[in-house]
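Q: The chain contents come next:
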Amino acid sequence: MTAPPPAARSAEPPVVIDDVVKHYGEVAAVDHVTIEVRQGELFGFIGPDGAGKTTLFRILTTLLLPDAGSARVLGLDVVSGIWSLRRQIGYMPGRFSLYPDLSVRENLDFFASVFGTTIAREYDQIAPIYSQLEPFNDRRAAALSGGMKQKLALCCALVHRPRILFLDEPTTGVDAVSRREFWELLARMRTSGLTIVVSTPYMDEANRCDRVALMQSGRILATDAPAAVAASFDRTLLAVRSGDRYRTLLALRGYPHTHLVYPFGDALHLADDRVGVDAAHAATDAAAFLREKGFADARVEPTPPTIEDVFIARMSVVEPTEAAT
Amino acid sequence: MTAPADGAAIRTNGLTRTFGRFTAVDHITFDVRPGEVFGFLGANGAGKTTAIRMLTGLLTPSSGEAWVAGHDVYRESEAIKRDIGYMSQRFSLYDDLTVRENIQLYGGIYDLSGDQIRDRTERILSRLGLSHTAHDAVGALPLGWKQKLAFSVALLHEPRIVFLDEPTSGVDPITRRQFWEMIYEAAHAGTTVLVTTHYMDEAEYCDRISIMVSGRIAAIGSPSELKRDSEASSIDEVFVRLVRPELAGRGGSAA
Amino acid sequence: MSALYGLLRKETYHILRDRRTLGVLIFMPIVQVMLFGFSISTDVRDVRMVIVDPTPDATTLAIRDRFAAGGIFRVIGVSQTEQPLDRLFRTDTAQVALIFEPAFGRHLAAGDAAQLLVITDATEPNTGSSRQLYVNAVIQQYESDMGKRSGAVRITPQVRSRFNPTRESTNLFVPGLMAMVLTIIAALMTALSLTREKETGTMEALLVSPLRPWQIIVGKVAPYLGIGFVSVLAVLGVAKIVFHVPMQGSLALLLAEGTLFILVALSLGILVSARTSSQRVAMLAAMMGTMLPTQMLSGFIFPIESMPRPLQWVSIIVPARWFVLIARGIMLKGIGLTYLWRETLVLAAMTLVLLVASARSFKVRLQ
Numbered sequence: 001m002t003a004p005p006p007a008a009r010s011a012e013p014p015v016v017i018d019d020v021v022k023h024y025g026e027v028a029a030v031d032h033v034t035i036e037v038r039q040g041e042l043f044g045f046i047g048p049d050g051a052g053k054t055t056l057f058r059i060l061t062t063l064l065l066p067d068a069g070s071a072r073v074l075g076l077d078v079v080s081g082i083w084s085l086r087r088q089i090g091y092m093p094g095r096f097s098l099y100p101d102l103s104v105r106e107n108l109d110f111f112a113s114v115f116g117t118t119i120a121r122e123y124d125q126i127a128p129i130y131s132q133l134e135p136f137n138d139r140r141a142a143a144l145s146g147g148m149k150q151k152l153a154l155c156c157a158l159v160h161r162p163r164i165l166f167l168d169e170p171t172t173g174v175d176a177v178s179r180r181e182f183w184e185l186l187a188r189m190r191t192s193g194l195t196i197v198v199s200t201p202y203m204d205e206a207n208r209c210d211r212v213a214l215m216q217s218g219r220i221l222a223t224d225a226p227a228a229v230a231a232s233f234d235r236t237l238l239a240v241r242s243g244d245r246y247r248t249l250l251a252l253r254g255y256p257h258t259h260l261v262y263p264f265g266d267a268l269h270l271a272d273d274r275v276g277v278d279a280a281h282a283a284t285d286a287a288a289f290l291r292e293k294g295f296a297d298a299r300v301e302p303t304p305p306t307i308e309d310v311f312i313a314r315m316s317v318v319e320p321t322e323a324a325t
Numbered sequence: 326m327t328a329p330a331d332g333a334a335i336r337t338n339g340l341t342r343t344f345g346r347f348t349a350v351d352h353i354t355f356d357v358r359p360g361e362v363f364g365f366l367g368a369n370g371a372g373k374t375t376a377i378r379m380l381t382g383l384l385t386p387s388s389g390e391a392w393v394a395g396h397d398v399y400r401e402s403e404a405i406k407r408d409i410g411y412m413s414q415r416f417s418l419y420d421d422l423t424v425r426e427n428i429q430l431y432g433g434i435y436d437l438s439g440d441q442i443r444d445r446t447e448r449i450l451s452r453l454g455l456s457h458t459a460h461d462a463v464g465a466l467p468l469g470w471k472q473k474l475a476f477s478v479a480l481l482h483e484p485r486i487v488f489l490d491e492p493t494s495g496v497d498p499i500t501r502r503q504f505w506e507m508i509y510e511a512a513h514a515g516t517t518v519l520v521t522t523h524y525m526d527e528a529e530y531c532d533r534i535s536i537m538v539s540g541r542i543a544a545i546g547s548p549s550e551l552k553r554d555s556e557a558s559s560i561d562e563v564f565v566r567l568v569r570p571e572l573a574g575r576g577g578s579a580a
Numbered sequence: 581m582s583a584l585y586g587l588l589r590k591e592t593y594h595i596l597r598d599r600r601t602l603g604v605l606i607f608m609p610i611v612q613v614m615l616f617g618f619s620i621s622t623d624v625r626d627v628r629m630v631i632v633d634p635t636p637d638a639t640t641l642a643i644r645d646r647f648a649a650g651g652i653f654r655v656i657g658v659s660q661t662e663q664p665l666d667r668l669f670r671t672d673t674a675q676v677a678l679i680f681e682p683a684f685g686r687h688l689a690a691g692d693a694a695q696l697l698v699i700t701d702a703t704e705p706n707t708g709s710s711r712q713l714y715v716n717a718v719i720q721q722y723e724s725d726m727g728k729r730s731g732a733v734r735i736t737p738q739v740r741s742r743f744n745p746t747r748e749s750t751n752l753f754v755p756g757l758m759a760m761v762l763t764i765i766a767a768l769m770t771a772l773s774l775t776r777e778k779e780t781g782t783m784e785a786l787l788v789s790p791l792r793p794w795q796i797i798v799g800k801v802a803p804y805l806g807i808g809f810v811s812v813l814a815v816l817g818v819a820k821i822v823f824h825v826p827m828q829g830s831l832a833l834l835l836a837e838g839t840l841f842i843l844v845a846l847s848l849g850i851l852v853s854a855r856t857s858s859q860r861v862a863m864l865a866a867m868m869g870t871m872l873p874t875q876m877l878s879g880f881i882f883p884i885e886s887m888p889r890p891l892q893w894v895s896i897i898v899p900a901r902w903f904v905l906i907a908r909g910i911m912l913k914g915i916g917l918t919y920l921w922r923e924t925l926v927l928a929a930m931t932l933v934l935l936v937a938s939a940r941s942f943k944v945r946l947q
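Keeping their order, the protein sequence lines are chains H, B and U.
Heads up, the first sequence is in this note's numbering, so the first residue is 1 and it goes up one at a time.
Heads up, the second sequence is in this note's numbering, so the first residue is 326 and it goes up one at a time.
Heads up, the third sequence is in this note's numbering, so the first residue is 581 and it goes up one at a time.
Here chain H stands alone, though its shape is the one from the complex (with noise of 0.2 Å):
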């Protein structure tokens, strides 16, 4: 994929927010939030349904006018710049907006016609995805797989080689094997320079992205590489395992240490309020707890926390009342 033409002269920013403010009634969207998107990155906007990513993405993509606050893209305000910017975004809206009884190759052949071009024209563009699709050029967009609804639509953004990609929750309601496929797509479409914004629901995917936002409530609650924001969980995290979790976790909420406990994947995590304290320390201790208290069988070892942990922390923080201790 050949990269689009660099931005003329500014080294402003592909996407600069500046406390942007939306309200749904008296409901706070987006809520004060200030970010920005560095060129060429590959920026993942991480949060539950509700978060406001999706209202956030509609305001970037000139669809939505914030209520206070102002936001930039390529250089333009998304409020003045509406038809300059509406040339040059690719966006792939939640729900894959594709006409369900056009084939696939109608589908491009519209959006493609609509920025006036074809596909022929760029086909290098979206050779990579669309080799994919062509086997089923003929087939109606309603007859497809999640997957290939997926790559369709990405196809029908890329198609007139847009210098920003903003894609809102594209791996949503679509089965793990076509995520991970999906990853693989925009980790390639990266190496062009392309900057590429994207949202998704799933904690797991944040590590493919360069850099990453946690959003809950309009807020956003971390912002850097993914790395980074993992390692920013700032208590000493254990994984608890053993025979049965229900009761396991029952018990550690009696357990004097306990900062935060829930459940992860086959394990339970355990955050240990003491701040500071020497992780096998801490596994030691817990482990004992649960011993004396008839868990024979638990295992207790430090464990380096995710992103998905940190999420959950900060919420905590956030929303005392939702805490899952």
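Fair warning: there could be bad hints in the mix.
Said to hold, decoys possible - Covered stretches of chain U (chain H as the covering partner; in silico rule of three or more C-beta atoms under 8 Å from a C-beta of chain H): (1) 784-797; (2) 919-927; (3) 939-946.
Stated by the list, open to error - To list a few chain H residues with every Cβ distance to chain U over 10 Å, as calculated: (4) P13; (5) T34; (6) S97; (7) A112; (8) S113; (9) M148; (10) L185; (11) T191; (12) L221; (13) T284; (14) F289.
No wet-lab data here; the hints were simulated from the structure.
Cβ coordinates follow ideal geometry from the N, Cα and C atoms, glycine included.
Go by the hints and put chains B and U onto chain H.
A: Showing chains B and U alone in chain H's frame:
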């Protein structure tokens, strides 16, 4: 064809469903034990939804046998519906009715007495901490609360088995875990739970899981068994190996 | 202009692939024409009457006053010969003609029977016979008031249903039916088309593109001209083949006017759907805003003159009212653009106004 004597909550034997020439579900055979939390996984289009429709009495199989809560799916589909609970993303509560009204509605549908409805309503409201919002329209609740409430309503008539179709889709990590705690509570009280999900880490929360590929069950067992057999470190990895082997082991996501 | 072309092509795919709707659009008009066959009788008011009185005298004047004063008839002119009648009927200036025989008054005074010829224009639905009755009533009243023998005035009704010689109801209904059917198709389909985009989520993708509102609107309107045209042909085909409705005037003109009318209805549909976000609401709004007024206020079933004044004014903005006039004129009276240019201009103006309003009210954002 008689009901299984060992009290399996769900039993299927060569269960099949075709649509014209397309076989959506291809001779699946598995059991779910009472009180088990069973994860029903598979790629989109693998046949999960069709299988669940057959088990919940919504679709008649083309061939094979199945019993749900001791009832034969061919002849006793109405009895099945009375003995199971169901919750899905699409089929849920009525947004413009209040919390109370929704509970009353489903209570009535399942033939609960006025007293029962009253009791259980109070129990649900206090368990979820919704007593102060009992008279608010459900549509005004945040997604997480809606999901938890929908789950409670699915259990309202104390069914023996409850089917959950992607119940935690889109919900934040904390609420998801609270939801799963509710699942555990129900399972510990003896309710069998069959859940489908796209979150592979939730698969780990289950006692046993099955993975469907192209209409067949490609793997079934406890999460640790499956990981051992596939030499994988996560269910995500197991999944990928089964569904798309050429992708396995490449650029995996560190959970 | 490849963007517009791309839009037109896409819309055409949608239309052709929605088999069920397509079937409804083609067959519904046919079915409707077949089903419609009943007559509705209504009160008559303000009937425009021209009087031919070759020998005016006190008697004829007295009778003429009766007609003028009754409130049912409005005397729009008096002539001494029958010469202007043809033109007056053709231009719809007169709906009834009352023709006194020469020396009417003298015959009556002499105790002989006096002849009164009544000619009605029966292209208005079923009011021809009603008007007859009213004429009879007025005369009878006069006779009894004058103490004359009933029957002294021999009234010869000549419902020369001038432009509807066989007086088939269908002749009268078909123009109105065309208007109804085209309205339904146009308004409903555009409403559905726009809101369907909103519901599948593709509207977002369209908005975040360089497409301007006018392009989107034209892209949504134009393809349905094609379908509307086919529907017109379908209805005309049935009318001609099954019911033998005459086509006195120019077919080409009728099709052209039909196309213009579809354009108006499409523009109305776009305006409606610009404001609604769900298909169901759009359909209801389209029906309320177009079909109902078309049925009630276009003169299709109920004569406009019989309506209360405020409703008559409202009917001025109902596009179907104008088209019904045009269609009846062409099909049953065989008149052409020279007589219909005013009505045509009204439709053209409506199109312009509605399209501009749609483009203006089209939201370029989601809010």
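Q: Of the hints stated earlier, which fail here?
A: Hints 2, 6, 7 and 8 contradicted; others consistent.
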